[in-house]
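Novice: Sequence:
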Amino acid sequence: MKKHFTQSLHCLTLLAASLLMAAPLQAREPVKIYILAGQSNMQGKASVEGDGGNSLRSLVNNAPEKEFQSLVNDDGEWVERDDVWIHYDSHPWGDLRHGPLKPGYGGSGSQIGPELGFGHVIGDATGEQVLLIKVAWGGKSLNYDFSPPSVGKYPEPLTPKDKGYYYQQLLKVVRQVIENIDSFFPDYEGQGVEIAGFGWHQGWNDQYGDGVPESYEANMEAFIRDIRSEEHGLGIPKLPFVIATSGNIGGESPIKDGQRAMADTGKYPDFAGNVAVVDTDKPYGPDKMQFKFGKDGKPTEKVDYHWNSNARSYFNIGRAMASEMQKLDEPKLPSHLVAHGTEEGVQLLWQLGSEKPRGIDILRNGKSLGADLSPTQTTYLDTAALPGANEYKVVLSLPSGKQELSASCDTSPTDLLAYRSMDGVMLSWEARGPYDGFLVARDNKLIADDIPADARSFEDTEAPARGKVTYAVKPTPGDATPATVVVNRGPIDPKGALIYEPFDYPAEVGEAPLLTGKSGAIGTKGSYVFIGSEEKSDRAPATLPKSIAYGELPVTGNRCATHRWSGGAYIELDGSLKEAGLLEDGATMWMSYVFVVSDIAGQEHRSGGGGAVTLRSEDMQQGVGMRAGRREYETVMVLDGKARGVRITSIRQDNPTLVVIKITWGKDGENDTLEPYFVGPDLVLPDKGGRNFKPPENIDQSKLSRLVLSGEGQFDEIRVGPTFESVVGKGR
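Using my numbering, the first residue of the sequence shown is number 3, and each one after it goes up by one.
Check before you lean on any hint, since a few could be wrong.
Here are the computed lysine-lysine pairs in the DSSO-like style, where the Cα-Cα straight-line distance is at most 27 angstroms [as the list claims (entries may be wrong)]:
(1) Lys-174 / Lys-240
(2) Lys-470 / Lys-497
(3) Lys-304 / Lys-240
Restraint ranges, calculated between C-beta atoms of paired labels, are given here [stated by the list, open to error]:
(4) Gly-522 / Lys-705: 22 to 30 angstroms
(5) Arg-262 / Ser-370: 44 to 52 angstroms
(6) Glu-79 / Leu-383: 36 to 44 angstroms
(7) Glu-536 / Gly-141: 53 to 61 angstroms
(8) Lys-732 / Gly-534: 32 to 40 angstroms
Because the hints were derived from the structure by calculation, they are not lab data. Idealized CB from N, CA, C, for every residue including glycine.
Using the sequences and the hints given, assemble the complete structure.
Specialist: See below:
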């Protein structure tokens with residue numbers, strides 16, 4: 003008989019057989035989903051490789067009795083568990099990873115967190131397909147970032163800076179994974195899903211950051227209740243919930259007291275049997291498993307904020323959480339109905355409880371579908387739903403009576419884009435239901451009524467050459483709400499700017515046409531030249547569909563994206579700045595651009611920050627301009643080929659920002675000045691600018707002869723001119 007960690011936590015050597023020969027799955031049992039949430043210690047900061055005593059490789063090679071040896075195969079390669087999948091999306095500040103469980107799903111691809119130990123224990127114990135959905139971001143508090151909606155009222159969080167943003171992001175990620183599980187995990191067989199548990203490891207920022215330590219217990223209680231609720235969370239009453247305490251916080255702490263309190267059944271009687279706490283300040287289980295180890299791998303009581311980056315600490319926390327999870331009761335009643343549109347129809351998913359139904363009926367818009375369902379079924383595909391909004395009920399006949407689960411689904415097209423193509427305007431969209439076909443209208447006038455059902459794009463070759471155009475795409479038959487989008491076809495009017503780059507070049511969805519060889523920006527000559535070796539020319543800046551809108555700023559064309567691993571590109575200036583006297587000592591010149599940090603899945607040219615727009619000398623040794631990092635915008639001055647930056651304002655994910663700087667060239671030996679302005683959507687010049695460069699900072703501006711795009715970013719509407727009005731689209 004195969005033993006599990008819950009039976010003998012010290013017998014990790016018995017993992018070998020389960021790692022290499024996972025037990026066959028029961029026929030079409032739902033995938034068991036466990037959500038692992040928190041801040042940086044749920045991310046995990048322990049290195050996979052390395053000679054240090056705290057790395058996972060060191061544990062495998064040097065641990066007593068070789069208890070971690072089963073994590074590798076005979077060749078020393080890390081074992082992957084096909085019976086345990088994992089999805090970790092650290093958006094907006096990190097990347098997306100998904101696949102079979104193995105080391106490398108920590109804070110970075112070279113680290114581990116609690117997920118590794120949790121996945122091995124729960125995978126062994128379950129004997130079914132398991133999916134870990136990891137939702138963790140560093141430096142986040144329960145009091146603010148994960149703030150449960152029932153604690154006070156706050157506006158809908160729209161950006162990472164807003165209260166409660168990461169609570170909503172957690173729910174969003176879970177829903178996206180469930181609705182797209184077959185795309186993330188191709189071996190999924192349509193067997194349905196069951197959210198079986200929730201793991202929480204967080205607390206440092208509530209103790210030392212922007213939290214309120216004394217409120218942690220109340221916030222933790224509300225968080226558990228909200229996550230379980232239909233109104234604010236997953237809609238799974240009594241969802242099993244395990245907390246690992248913040249034992250890395252030294253001494254007594256309201257954070258640890260609040261975490262431990264969740265297991266106090268006298269205080270919270272309704273948490274009995276469905277909430278458990280792993281106290282990481284104490285040895286765990288009959289084998290006295292430890293959590294605190296030093297960077298040398300030896301036991302210690304001195305632990306820093308990341309558990310001394312020790313792999314054994316993180317692995318043991320995960321093992322203990324999974325062991326506690328198995329002791330908790332399964333929810334009694336069915337719950338968690340999800341309805342989402344697919345190209346084949348509306349997919350319904352629900353999960354059962356310990357009280358099994360005797361029969362199931364499905365209603366669409368109040369009428370039974372007459373579907374022949376088994377009492378244990380947890381999925382159904384409605385292929386007959388008409389395009390539009392549909393209301394569903396799943397009625398389950400239980401021994402204790404009937405229970406209804408409700409959900410709605412809008413199968414209208416989504417993600418409609420309109421952008422300049424080679425021959426006009428290209429429209430593209432995604433389907434959320436089975437359709438007979440599509441209708442396309444331009445400015446409320448039907449222009450196509452015979453688009454086939456499998457089409458996902460349409461090119462309007464007779465689009466107006468100028469002006470704003472509104473498109474609508476509607477599926478047939480049914481009463482679906484059309485998807486609409488507005489595209490600005492121009493005119494390409496500099497509005498007083500001497501350099502104007504609107505990136506009015508053709509673009510394609512899924513493929514980024516390179517900017518190399520393109521020309522046409524006002525104030526430039528020739529075409530864009532890639533900065534780098536020929537074999538890496540595919541990393542040149544590229545054109546992406548759709549311009550970046552910002553308030554009242556007039557925009558046109560598409561947008562530009564620069565590649566993370568390239569030097570960018572440049573285009574020569576035509577001399578307009580020099581002829582206008584803007585490069586003389588004492589002259590004032592203004593620059594602006596619109597920038598956004600926004601990941602685009604499937605695009606090689608993605609934005610993670612660092613995109614720079616500068617005017618440079620021919621030898622690239624001198625320059626001036628602006629750039630964006632992951633967290634802030636900066637003014638930039640280039641001296642001797644080295645760029646120096648000064649902060650303008652912070653960056654918000656998916657929030658376009660107009661960056662404006664006023665440049666005054668020093669006269670009679672005075673220093674050049676770069677005065678930044680954070681301009682709002684109303685395009686009004688603020689009374690006060692931002693931080694200036696400290697002297698001495700001087701370049702020979704007369705040598706500026708190139709517009710250079712570099713770093714990694716998405717930007718649009720670059721303007722250089724003599725006045726503020728000329729760089730915000732108002733000047734003449």
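Novice: Which of the listed hints are broken here?
Specialist: Of the numbered hints given earlier, those the structure breaks are 3 and 7, listed in rising order.
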